[in-house]
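Trainee: Chains as they are written, first to last, in numbering that gives the first Met the number 0: chain A, 0 to 512; chain B, 0 to 94.
You may find that some hints are simply not true.
Claimed, not checked - Only pairs whose alpha carbons sit at most 35 Å apart, straight line, appear in this in silico DSBU-like list of lysine-lysine: (1) A:Lys-353 x B:Lys-24; (2) B:Lys-5 x A:Lys-302; (3) A:Lys-353 x B:Lys-5.
Claimed, not checked - Heads up, incomplete: computed chain A residues facing chain B, CB under 7 Å, no partners named: (4) Gly-195; (5) Arg-418; (6) Val-454.
In short, the hints are calculated from the structure, not lab data.
Everything numeric in this text was worked out from a predicted model, so none of it was measured.
C-beta atoms are modelled at their ideal positions from N, C-alpha and C, and glycine is treated no differently.
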Amino acid sequence: MADLTTFTITEAREKLQAGDITLRDLVQAYAKQIEEHNEEINAYVFLDIESALEQADEIQKKIENGTAGRLAGAIMGIKDVICERGKPTTCASNILENFESVYDATVIERLKAEDAVFLGRLNMDEFAMGSTNEYSRYGAARNPHDTTKVTGGSSGGSAAAVAGTMANATLGSDTGGSIRQPASYCGVVGLKPTYGRVSRYGLVAYASSFDSIGPLAHSVEDVANVLQVIAGFDDRDNTSSQVPCDDYVEVVKNPNKKIRIGVPEEFFGEGLDEEISASLKDVIKKLEAEGAELVPVELPHTKYGLATYYILATAEASSNLARFDGIRYGHRADKDQMLDELKAEENALKEAIKNADDEEKADLENQLARLDAPLARLYKKSRTEGFGNEVKRRIMLGTYVLSAGYYDAYYGKAQRVRRLIKEDYSKAFEKVDVIVTPTAPTTAFDIGSNLNDPVQMYLNDAYTITANLAGICGISVPVGKHSNGLPVGIQFLGDTFQESKVLNAARLVELLG
Amino acid sequence: MSVSEKEVRYVANLARLQLSDEEVKHLGEDMNKILGFMDLLNELDTTDIAPLEHVVEMDSRLRKDEAKTPLSHEDALKNAPDADSDYFRVPKVIE
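The shape of chain A in the complex, shown without the other chains:
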């Protein structure tokens, strides 16, 4: 029999129902794969195979008596930013090093109810801030297609686990492209749902007006299946939508070939790898030959997307991450050491004041008067020790753009540009079902090559980020390999709550073979 770990959920399910394999066999096959490859790929940062086997045995009984849920056969890993009761949720940050979730996220509850099995927690950029998975307390995840390359990020572990057949589906989160871009780099399917389609309850917040949870898997059908389970209204998330969900799986089984595909010139210009451009154009031509209608669309504010995003998302992050103060959970700096330091600073200032001339004296007295209170210093020291560099950078930027005097120039301005970007999409979707773009400007690049220039790193998100600004849905699906041997992805964007349309388009690409 073929290696069980290469099966899609649908294939695994057929084998399970036919009695060819048991769920325990399946979990054990993944456990073996993980044991052999995870050390190198670094996708999982926490494993609990024992409890996965226990889950499997329970579900096996249901398979045998015909009561198993629709995801019996899904063997999943979860990005370490989504809470699973009794397991660590570290967000790949030192500040949550010892944190253990005390409740299940809504998405986890729903997956459990449909009999998915969970193997462990997946690597990511710290607090989902990054495009390469290099900003992780666990170190970079590595691309299974070439382990010298990045996985993309921030859901790098989620993409690498599927690509490395260490899970048949995973959950990631997408704030500016963090599901779609690593899916593209690792050659898997990844979907970012419409804002409000999937509950954020139990997702550690990065930028609350952008964050979406979504699935990654080998096939469009598997992605549709997982989406079907996790999507839908949840009264524990105030931005959860009551718009009814479509039957996503049905759409994927019978895709419509006569769709209208918008082609925006803005996404195929400067900065895009020429070979990627050529292969995407080839795919688009084939879709046209199959019956799709190609329509030129304009998204003129696309080039403002990155700047707008990095103002709004960092502002929201600075506010969301204020909760990490070392009091209720997370890392707390050593209290006695902190008090000693504070005392030493106070004494040093007092001593300096004694010996200072009048001019210096005023400044030093001012410093002494403004010396932190012990509790304020405890917050500062705990946060400073706990957060990594990229997180600090974004907190600083976000605090700056929200600070008095700069609020209108940055935050207010960006909110207005966000509307222009949203209106571009609304106009385009009057004429088309989906919009086609590259997922990323290049294939996966060398680990370490982007770390020194934050702006360069941010450019990797250029094609994915406007979907989050507009709150619309998007999917990345593989279209084969570049001459450098690495996977290339194509992205379809759909209007709000039009997940069916992007799944339909992605399925058509899959069917081209």
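Given the structure of chain A, go ahead and fit chain B onto it with the hints provided.
Mentor: Leaving out everything else, chain B in the frame of chain A:
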């Protein structure tokens, strides 16, 4: 606009971060680079554009006023760096 080291220290205090002199220098450089990139937005005249606050139109809703079981005391204190049986413990703030 350019951020001075003094402003970096001011913002760090607002953000409750304690930065070394070297970090102040590096973060200042990074922030200037990124903010320079953000100046691109000034090309656009947005005088008559309303800020976008909600990407998906939805009504605020009220929840039913009904009793639900909250997180238990034990669970709520489970991840605390310092706690007794009922409370989070913090360093003394009143002399």
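Trainee: Now tell me if each hint is right for this structure.
Mentor: Hints versus structure:
For the hint linking A:Lys-353 to B:Lys-24, the alpha-carbon distance of about 30 Å falls within 35 Å, and the restraint holds. A distance of roughly 32 Å separates the Cα atoms of B:Lys-5 and A:Lys-302; the hinted pair therefore holds under the 35 Å criterion. Proximity of A:Lys-353 to B:Lys-5 is assessed by CA-CA distance (about 25 Å); at most 35 Å being required, the pair is judged to hold. Of the supplied interface hints, the one on A:Gly-195 holds, with its beta-carbon coming within about 5 Å of a beta-carbon of chain B, less than 7 Å.
Given hint, A:Arg-418 at the interface with chain B, holds; its Cβ is 4 Å from that chain's nearest Cβ, closer than 7 Å. Taking 7 Å as the C-beta cut-off, the interface hint given for A:Val-454 holds, the closest approach to chain B being about 5 Å.
In the structure shown, no violation is registered for any of the earlier numbered hints.
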